[in-house]
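Novice: In the order they appear, the protein sequences are chains A and B. 1 is the number of the first residue of the first sequence in the working numbering; add one for each residue after it. 1001 is the number of the first residue of the second sequence in the working numbering; add one for each residue after it.
The hints are simulated quantities; they were obtained by calculation from the structure and are not laboratory data. Accuracy of the hints is not assured; some may be wrong.
[Stated by the list, open to error] List time: in silico BS3-like cross-link candidates among lysine-lysine, alpha-carbon distance up to 30 Å: (1) A:K233 x B:K1169; (2) B:K1140 x A:K251; (3) A:K253 x B:K1169.
Computed from a prediction, not measured in an experiment: that's the story for all the values here.
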Amino acid sequence: MDIFNAIIQVLDSTIRLSVPLLLACLAGLYSERAGIFDIGLEGKMLVGAFAGAAAASVFHSALIGLGMAILISVAFALVHGFASITHRGNQIVSGVAINFIAAGSTIILGQAWFQQGGRTPALQPGERFEAITWPGADAIRDVPIIGPIYAELLSGHSILVYFAFAMVPFTWWVLFRTRFGLRLRAVGENPAAVDTAGISVAWLRYRALICTGILTGFAGAYLSMVQNGGFVKDMTAGKGYIALAALIFAKWKPVNAMFACLLFGFLDAASIRLQGTPLPIVGKVSVQFMQALPYVLTVILLAGFIGKAIPPRAGGVPYVKER
Amino acid sequence: MSTPYAKLPAWADYGLIPLINLSVAFIVAGFVVMLVGENPFRAAVILVEGAFGKGTGIAFTLFYATTFIFTGLSVAVAAHCGLFNIGTEGQAYIAGLGIAIVCLSFDSTLPWWLTFPLAIVASALVGALWALIPAYLQAKRGSHIVITTIMFNFIAASIMVYLLVGPLKPAGSQAPQTRNFLAGAELPKLNWIIELFGAKIRSAPLNICFLLALVMAFLVWLLIWRTKLGYEMRTYGHSPKAARYAGISETRIIITAMMISGALAGMMALNPVMGDQHNVAIDFVSGAGFVGIAVALMGRLHPVGIVLAAILFGMLYQGGAELAFEMPAISRDMIVIIQGLVILFAGALEHMFRPYIQALFASFSPKSVGMQAINGKGA
């Protein structure tokens, strides 16, 4: 029973750790499918986390916090769009710029406004998203096997966790079953064709980036208002890049993205759980090895050893209408 | 890369437009300072005084600039070949390992002038090898170099943390760093040069790596504009198709450019490790690799521009430290914002003001912007 409980615990923290990755990964999916590379997921998550925690603690409302996170994150996404769509700048350079502006401004403004060394004040109950207990979770908890799965694994997460997983089928539906999704995918593969059909490439790509901004806003809000009770400087700590890795790992598909994020979340959860405990056969695994594993796996995938990751064809290329 | 823009006089292209872009970046940074509730003009004065007011300040400015020259050159060499090496950070970090091996082995037996060349070779070699795998994957497998180098940054960080909390840490020590190097691996300081001009220096880490950086800047200029290899790299960067057509081997040129870039990134580690801290510690690169992106873009990928941009960023680093004393609301992280704004305006929004400048030039003298050419294209 001990092992079973340990597994449940690891899976439970897998879910918690993979949610920000999943939200950021789906965010990246919208922009990359529309042909805009987005290295700036990390930065947008970070400003979202900061804006969310700051607004929640000032206005004493989790919802206002979330709204602010989305607003600021979308604003940064639009800057990316302004540089890479309107002015046809290099998308990667623009993304890098956004990451730096986000990293610097969250610390500077956090310190200036709250004077806690770049932190925002600890969020009180009501200012963060609380865990939702499913009906009957407490009653069923003691039932073997099903009890812990229902009470620990499925119940007891915040609304944003369920939202993140609900976004997976929703994103699939948007991309593959709506007109907007069809056009969005087309603009990432062959923008000239979309243009010929009389649809504005720029406006379509802007809309894709707004979707990206909304989702990175959610991801940031999750980090600072659910996982942590407040903003801490550099709290994204590379999650935006892992999400990017997961996106490639998932070959730019929503359902695959969920599994990739769960895998990377599981690696993270397992590395925390296994810290210092020797495993059978392989012996003691160092934390650093587990931390590096998502990146190593992505490189191996990119090298074409586990299937081939083919990005949207027009990705990274600014669209120039012929004149 | 065909520019859809008309030609401007060279001085406007290489002087005016970068200056405008830079000014806008600093104006936006000024707004951030105002948002924090401080006076941006006073901040600028403190910053410049902190960087150039005293001899010690100048020495520190040049010490930081040394680091940024290396990383800026590294980014620029790759960029000339059309590759965006975002992995400078990781290449420099892992090169610390090469330096550590050389210094820990020889610092008690050899004098510094023998350890130094060995360390240069080791750092360049390790940096180049770390760039080799992403380069190979780009050339042979078509994996996007930006993604692979980002991944390699994280892998490098994991390896270095593993080594520095484990095998490289001296027994009985708590700090995650190697033991301190002995005199045989300490580089001589260059502070006397500034003292020649009558300034007093208390203690500053400016060292011989500064000269190495300048030599490297010259060699990069030589490589890019005066050798066959450099010509091939620029050709490939300009148009991979044309390069292929001209019989330039894609694999060879990508791998060579990235390895040179990695070697320059690796040499950056010499400056803080052997010149200042005298040990290899966790996170000793602390973002200098990313500053290199801003430096390279601001210097318009030319070594002279890079040296100047590196000095400007050195000034921001040193002056920023002084600024934090005077204005507690502003920490050194202000530099990160400025860096981001410079990358945004000098890099991604490079052409934002161009049409307006062109219109301005055209209204004064249509000939200077080649109006016929524009009309010919029907723009």
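Novice: Are the hints correct? Go through all of them and say.
Specialist: Hints and how they fare:
Proposed proximity of A:K233 and B:K1169 is supported: the alpha carbons are some 28 Å apart, at most 30 Å. Pair hint B:K1140 plus A:K251 holds up; C-alpha atoms about 20 Å apart against a cutoff of 30 Å. Restraint check: the Cα-Cα separation between A:K253 and B:K1169 comes to about 44 Å, which exceeds 30 Å; the hinted pair is violated.
Going through the hint list in order, the structure does not satisfy hint 3, though it satisfies all others.
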